[in-house]
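Residue strings, one per chain:
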Amino acid sequence: MNINDPVNISGLTVRFGSRTAVDRLSLEVPKGSTTGLVGESGSGKSTLARAVAGLLPCRGTVTGVAPGRVQMVFQDPSSSLDPRMSIGDAIAEGTRVPRARRAAEVGRLLELVALPAGYAGKYPRELSGGQCQRVAIARALAAGPELLIADEITSALDVSVQGAVLNLLRELRGELGLTMLFISHNLAVVRYVCDAVAVMRHGRLVESGPVQDVIGAPRHAYTRALLDAVPRLSPAASDTERVRRVR
Amino acid sequence: MRRLPRNPAGLLGAGIVALLVLLALFGPPLWADAAARINPREISQGSSAAHLLGTDALGRDLLARTLTATRLTLGLALLATLIGTATGILLGTLPQVLPRRAGRAVIAAVDLLVAFPALLLAMFTAVVAGLDAQGAVLGIGAALAPAFARLTHTMTASVAGADYIAAARMLGVPRHRVLTRHVLPNIAEPLILNTAQAMGGALLGLSAMSFLGMGVQAPAYDWGRLLNEAFGHVYVTPSAVVAPALAVTLAGLGFMLLGDSFARAAAHTRAPAGGPAAAPAAVPAPDEPAPDTVLEVRDLTVAFPGGTTPVRQVSLTVRAGEILGLVGESGSGKSMTAAAIGQLVPHPGRTGSARIRLGGVDLDGLTASERRRLLGSSLAMVFQDPTSALNPALRVGGQLAEVATLHGGATRTEARDRAVERLDRVRIRHPADTARRHPHELSGGMRQRAVIAMGLMNTPRLIIADEPTTALDVTVQREVLRVLREAVDETRAGALFISHDIAVVGEVCDRIAVMYAGRVVEELPAGALHQARHPYTRALVGSLPDMDTDRSRPLTTIPGRQPAPGDVGEGCAFADRCALATARCATRPELRTRTGTHSVACWEVK
Ligand SMILES: Nc1ncnc2c1ncn2[C@@H]1O[C@H](COP(=O)(O)OP(=O)(O)O)[C@@H](O)[C@H]1O
Ligand code: SF4
Ligand SMILES: [Mg+2]
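Protein sequence lines, in the order shown, are assigned to chains A and B. Heads up: the first sequence begins at 1 in our numbering, then just goes up one per residue. Heads up: the second sequence begins at 1 in our numbering, then just goes up one per residue.
Everything labelled a hint here was simulated from the structure, so no lab data went into it. Predicted model, so just to flag it, every value in this text is computed and none were measured. Among the hints, a few may not be true.
As the list claims (entries may be wrong) - Per the computed footprint, the stretches of chain A lying under chain B, defined by three or more beta-carbons under 8 Å from a beta-carbon of chain B, are:
1. 49–56
2. 59–71
3. 187–199
From the three backbone atoms N, C-alpha and C, an ideal C-beta is built for every residue, glycine too.
Start from the sequences and build out the full structure, keeping to the hints where you can.
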């Protein structure tokens with residue numbers, strides 16, 4: 001396996017009883033780039049993510065990433081950290097450095113996600129939602145993931161905080177050459193963060209390609225519907241245009 | 001234990017338990033001799049000065065025996081409880097570490113045992129293990145275990161579903177370590193609480209066993225054994241039953257009260273500390289509103305004890321046929337403003353305002369029942385979670401109809417027809433069919449539309465929608481927003497639309513009020529968001545990626561945090577995050593009208 005080979009998901013199927021949540025889905029995530037995954041809720045995005053992360057049994061293959069080198073960051077900041085464990089311990093759980101160097105490593109990771117190293121002794125309840133998400137990102141990075149999956153990580157955050165977390169992800173991608181699968185139902189966010197985008201519906205892929213192509217010239221009617229539904233705050237929109245869009 | 005009981009029942013329980021512990025420690029050294037002294041001349045006596053509670057068939061002092069028996073009774077109960085909890089916790093966590101099949105078998109077995117009567121289980125075990133103290137302890141332990149196993153399993157399963165467990169698994173933390181480091185610490189507290197209650201149960205159970213002759217055997221004695229012996233002579237010396245019976249009852253009661261109040265303390269989050277909230281002072285505002293105003297709020301303040309003031313002198317006006325957006329980050333006081341208008345501020349919060357007028361009627365001038373009637377008929381509230389607004393047990397149509405018969409005085413047939421018509425109006429397909437369905441049969445978007453339809457049943461004057469689309473997808477969100485817009489246009493109701501998403505607000509509303517730290521800092525027409533002047537509003541707009549955002553540049557961010565409702569200072573609340581702040585900003589800028597419909601609370605912008 002070459003280190004530059006893309007992460008290749010192929011023929012992935014996840015069933016819950018008789019329900020097929022993900023249906024023979026194939027998707028390529030090039031190394032060092034960010035691929036967006038969009039679709040309405042229930043379309044199977046999180047299920048796909050969990051299967052790729054090894055949290056759910058599935059059929060199909062995932063190549064280009066060693067087993068156990070996938071890390072995930074979740075949507076709900078209040079559930080993604082153990083309330084009884086200090087931030088430092090949570091991050092240390094993922095590091096593979098010897099015990100003696102652990103504190104330094106935790107400090108480095110905290111600074112990487114723009115938190116003071118002194119936060120290591122704090123507990124999740126002392127942090128805001130955005131800070132919890134930063135810690136979750138640091139914990140995922142601690143393990144040196146070959147693929148990082150971000151599942152709606154800004155959906156529960158305020159707009160101003162979302163901006164900071166998105167900026168952070170972009171910086172990290174530049175600095176660390178992260179390979180990322182970025183799940184969101186907000187196409188504006190996906191457009192801003194991702195290089196490529198895949199559109200999912202009813203457990204299948206309906207369209208995928210470079211972000212400019214899919215957003216600039218969507219081929220599938222469902223992608224167009226998703227695009228139309230994005231709330232817009234453009235300076236060009238006059239009052240009549242704005243109200244017409246909603247009507 | 002972090003929370004100690006404060007209520008009288010809890011204190012009583014704690015007192016009884018403390019007394020019992022003291023007796024268990026010091027009872028035997030003090031009274032064991034008296035309790036063992038056989039006195040053939042004082043057999044089976046009643047109460048006397050020498051023997052307060054009389055003597056038993058061998059002339060031993062019953063009070064001394066009862067006091068001495070505390071240690072054995074409590075000790076055995078503690079042992080049984082420990083056996084029960086340990087076995088239960090083990091059984092309850094096994095499914096987490098065993099392979100799936102085996103885990104399921106354990107769960108099934110536990111379910112079966114829980115359904116089995118506890119005392120029968122105890123006796124059965126005791127018969128197998130031997131009719132002595134050891135057998136009784138094992139029996140009671142066995143009887144306690146299934147309930148603990150079930151509790152542990154339920155709690156473990158819910159903690160195991162948390163994302164931090166998934167994260168630990170991805171990091172390669174072994175299963176048993178996940179259990180000991182993440183799962184057990186998070187369920188320890190409820191388990192300990194239940195142990196206090198189980199202790200009471202074990203004590204009663206053991207006493208019952210000894211009383212039936214299956215537990216402690218002579219010459220040893222616990223309270224149950226004393227009861228058993230006394231019962232043989234109940235016709236000769238009825239008073240002999242009193243002491244052990246009282247002891248058993250008192251101890252059972254003590255543990256129960258203590259466990260109960262622990263459980264209750266754990267269920268309640270503590271109320272904010274501090275004295276009662278002073279009713280915020282109202283400043284009169286004399287100006288008369290325009291005639292088509294459906295909601296007028298003047299100087300609304302909501303305060304909680306301890307100086308927490310989530311809403312500070314907010315004034316809002318909503319006209320008929322208009323949607324006013326209320327936007328701001330979480331904690332800025334949007335929902336509390338809505339709650340205050342709907343008279344739903346949770347205890348112990350206090351609302352103060354110069355005026356809240358709904359459809360031209362001053363809420364302050366009404367009696368409680370008049371106010372309820374007015375709110376019931378002219379205010380509709382839609383919340384983020386539609387499931388909480390609908391009763392899962394009832395059909396959708398019936399619930400809608402009830403609103404009309406309750407507050408609108410409609411007959412049942414009228415109400416039914418109206419329900420179907422309203423469902424149709426919110427673009428629910430096959431409205432008559434939908435009316436016959438239960439809430440869980442509808443999708444999230446349909447449920448939210450049904451709640452809006454419910455709000456429209458009585459032609460409200462004002463609709464308050466608090467984050468109605470936050471839980472929905474963009475496509476569904478679009479539908480719900482459209483339905484809201486249409487409802488407002490057609491019925492000429494006014495709407496207060498609350499959201500943290502400035503793009504959504506900009507799209508559906510006519511005017512926007514931006515809240516920060518409890519105050520409105522800017523009010524402007526929705527179309528003018530790009531000409532927003534307040535530094536906070538501008539930062540909000542800038543931090544939002546839209547379909548035209550420059551992808552090569554970082555998003556605008558706002559450094560720092562919004563102050564909590566308890567620590568808002570004297571000056572401009574935005575000052576320590578604001579790039580334009582000057583010395584002037586140490587005093588608070590008032591919201592001032594700049595041009596026509598645009599007001600800003602800021603010193604430094606024009
Ligand atoms: N544990 C489960 N058991 C049964 N069905 C599930 C389970 N988890 C998810 N599903 C179903 O799988 C589908 C896809 O869900 P999900 O992956 O969460 O979608 P998304 O992430 O796009 O919102 C949904 O219909 C959901 O109800
Ligand atoms: S008043 Fe001062 S601190 Fe407040 S927003 Fe205006 S410039 Fe900034
Ligand atoms: Mg999801």
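Now the hints, each set against the structure:
A count of 4 residues in the region 49–56 of chain A with a Cβ less than 8 Å from any Cβ of chain B is obtained; the coverage claim is therefore met, three being the minimum. Residues of the region 59–71 of chain A with a Cβ under 8 Å from some Cβ of chain B number 3, which satisfies the need for three, so the listed coverage holds. Counting residues of the region 187–199 of chain A whose C-beta lies closer than 8 Å to any C-beta of chain B gives 5; at least three are required, and the coverage claim holds.
In this structure, none of the earlier numbered hints is contradicted; all agree with it.
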